[in-house]
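A.B. asks: Based on these hints, arrange chain G on the given structure of chain H.
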Amino acid sequence: MWTDRELLVALQRGDDEGWDEAFRRLYPAAFAAARHPLAALTPSEAEDIAIEALTLLLPKVNDVDEFDELRLLVITIASRKAISERRRQLAGKRGGGDVTSLDALQDDETIRFEPAEKLVSHLNGGDLRELSQLLDAALSGLEERQANLLRDFLMHHQSYKELGEKYRMPIGSVGVSLARSLDKIRAHLQSTPKLWKELAAYLR
Amino acid sequence: MSPESFTDLALRVIAREATDEEHRAIEAEVAASTARREEFEQLKISHEILLATVPMAGAVQATEPALPAHRVNELRTAVRQHFGPAAQRPAAEAQWHIWPHVLRWVFGGGGLVGLGFAVVMFCYANQTVEVGLYGSDLNRVRGYETLTPQDFSSARLVTFDQDAAFDAWQSQPLAWYEHAKIWVDNEHDLLHITQRMRAGQIVTMTQPLAPTDDGQREQIKSVVESLNK
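These protein sequences, in sequence, are chains H and G.
At position 89 of the first sequence (counting the first as 1) the number is 89 in the working numbering, and the numbers step up by one without a gap.
At position 105 of the second sequence (counting the first as 1) the number is 1105 in the working numbering, and the numbers step up by one without a gap.
No lab work stands behind these hints: they were computed from the structure.
Wrong hints could be hidden among the right ones.
What the hints assert, rightly or not - To give a feel for the contact side, a few chain G residues facing chain H, derived at Cβ under 10 Å: (1) His1047; (2) Thr1053; (3) Gly1058; (4) Pro1068; (5) Val1079.
To be verified - Pairwise CB distance ranges, derived in the manner of DEER restraints: (6) Glu1038/G <-> Glu17/H: 53 to 63 Å; (7) Gln1042/G <-> Asn62/H: 37 to 47 Å; (8) Arg1198/G <-> Gln12/H: 57 to 67 Å; (9) Thr1077/G <-> Gln12/H: 47 to 57 Å; (10) Arg1076/G <-> Gln89/H: 23 to 33 Å; (11) His122/H <-> Glu1074/G: 53 to 63 Å; (12) Ser191/H <-> Thr1034/G: 18 to 28 Å; (13) Ala1032/G <-> Met169/H: 55 to 65 Å; (14) Asn124/H <-> Gln1061/G: 37 to 47 Å; (15) Gln1172/G <-> Asp16/H: 32 to 42 Å; (16) Glu1038/G <-> Asp65/H: 53 to 63 Å.
Don't be surprised by glycine CBs; every beta carbon is placed ideally from N, CA and C.
Just chain H, with the same shape it has in the complex (with noise of 0.2 Å):
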C-alpha cells in the first residue's frame, strides 16, 4: 500500500505500478468532474474525458508537491474538457464548427455555461482546494432540506416545478427558499474576500 508521498515519488519517476495505482484512486474524481452538470455529457463521452484528464497528468506531475494536488488538477481538467466539448458538440451542430465564436449560441438556453467555462478555466488546483472547504462548510451550515434543494437546483438544474414537486412547496416559496440558501452561501465565500473577488472577476 503506497503512501501519498510514496506514490508521488513513484508517479515523477515514471514508475508502471504507482501510475496504475494513480490512476484507479484519481478516476472517480476526473469521471465525476467530467459529468459536470454544465457539459450534460454522456457516461461513456464522460469516460473519455476522464481518461483523457488522467493523461494530462502526466507532464504536469513534477510541477506538484502533494499526489492531492493531482486530484483536485484532474478535476479542473476534467470540468474544463467537458464543457469545452460541450461547446464543440453546441457548435457542431448549429453546422458551424467553429468553437472559438459564441454569437451563434446567443439566446439559446445552452449558453449558461459559458460563465462556468470562463469560470472554470482560470480555476487551479489551489483555488479548487479553498472552494471545496468552504463550500462543504456552508452547505452543512444549511438545513439539509435547503441544502437539498440548493444541489438540486445547481446540480440537476430540476426546474422550480419539478423542486416545488419534490419538496412539497408552492413554486413561489421556491425562488425565495434557493436566493436565501444562496445569499447564506455567499456570506460564507465572502468570508475569503480574495478568492470572492478572483472568482467574481472571471466571470466579469
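C.D. replies: Using the frame of chain H, we list chain G on its own:
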C-alpha cells in the same frame, strides 16, 4: 416590488425560468435602483460561481465508479510514451538497488576479477619470511647486528625480550601473509624453519646451528635466500 418578490423574480431570470413579462419587470426594477442592480448582480455572480464549482467540489469526494479495466492499457501506453521504456527510467532508490549490482558483480565477472586479485595478493604476501631472535642476542652476538631487512630481500627481523612472547610466536601457525619463519634455538643449537609449501601445507624442519657467530649469520642468510627462491 417587495424585496422578497424581487429576489424570487431575479433568481427566476438568472435561472432562465422567467417569462418575458417577468424579464421586463426585473429590467425595470434594476434600471430604477442602484441597490436593486447591485443585488441582482450579486445574486447572478453567486449563482454562476456555485453552478460551476459545487459539482467540482463534489468531485473531490467521489469514490466511484472504478476505472474501467478496458481503459487501463490506454493509460499505460500514455505512461510509456511520456516516460519512455521502463528500462530507461531512473532507479527507484539507489540504496535499494545497489544490492543486485553488488551480487551480480560478486557472482559474475567482478567475482573472478576479485578472486584473481586475491590470488595475486596472496602470492605477493606469501613471500614474507620472518626471522625471530632475542633482542639480547643482537647485542650479545656481534655478527647478528648485520641481520637487517636490507640484507635479505623479504626477511623481517622480529625481536623478543621475554621467553613467553618468543614461545608464543614460535608456536603460532604461519599468518596468511607469511611464507616462512625461522628462529635460532641456542638451547639445543638448532635452527628451526617453518615453511608454507607450494601446495599450501606447512612444513617444519630443523638444521644444526653453525658453531660460530659468523657461521650462524651466514647460515641464516643462506636459509632466507633459499626460502625466497
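A.B. asks: Now, for every hint given, state plainly whether the structure supports it.
C.D. replies: Here is what the structure says about each hint:
1. His1047: Since chain H brings a Cβ to about 6 Å from His1047/G, closer than 10 Å, the hint holds.
2. Thr1053: 5 Å, holds
3. Gly1058: Holds: closest Cβ of chain H sits about 7 Å from Gly1058/G, inside 10 Å.
4. Pro1068: This interface hint holds because 7 Å falls under the 10 Å limit.
5. Val1079: 5 Å, holds
6. Glu1038/G <-> Glu17/H: 53 to 63 Å: 56 Å, holds
7. Gln1042/G <-> Asn62/H: 37 to 47 Å: Given a distance of about 41 Å, which is inside 37 to 47 Å, the answer is holds.
8. Arg1198/G <-> Gln12/H: 57 to 67 Å: Since Arg1198/G and Gln12/H have Cβ atoms about 59 Å apart, the given range 57 to 67 Å holds.
9. Thr1077/G <-> Gln12/H: 47 to 57 Å: With a Cβ separation near 19 Å, Thr1077/G and Gln12/H fall outside 47 to 57 Å, so the hint is violated.
10. Arg1076/G <-> Gln89/H: 23 to 33 Å: 29 Å, holds
11. His122/H <-> Glu1074/G: 53 to 63 Å: 30 Å, violated
12. Ser191/H <-> Thr1034/G: 18 to 28 Å: 25 Å, holds
13. Ala1032/G <-> Met169/H: 55 to 65 Å: 30 Å, violated
14. Asn124/H <-> Gln1061/G: 37 to 47 Å: For Gln1061/G against Asn124/H, whose Cβ atoms are near 19 Å apart, the range 37 to 47 Å is violated.
15. Gln1172/G <-> Asp16/H: 32 to 42 Å: About 59 Å separates the Cβ atoms of Gln1172/G and Asp16/H, which means 32 to 42 Å is violated.
16. Glu1038/G <-> Asp65/H: 53 to 63 Å: 40 Å, violated
Violated hints, listed in ascending order, are 9, 11, 13, 14, 15, 16; each of the other numbered hints is respected by the structure.
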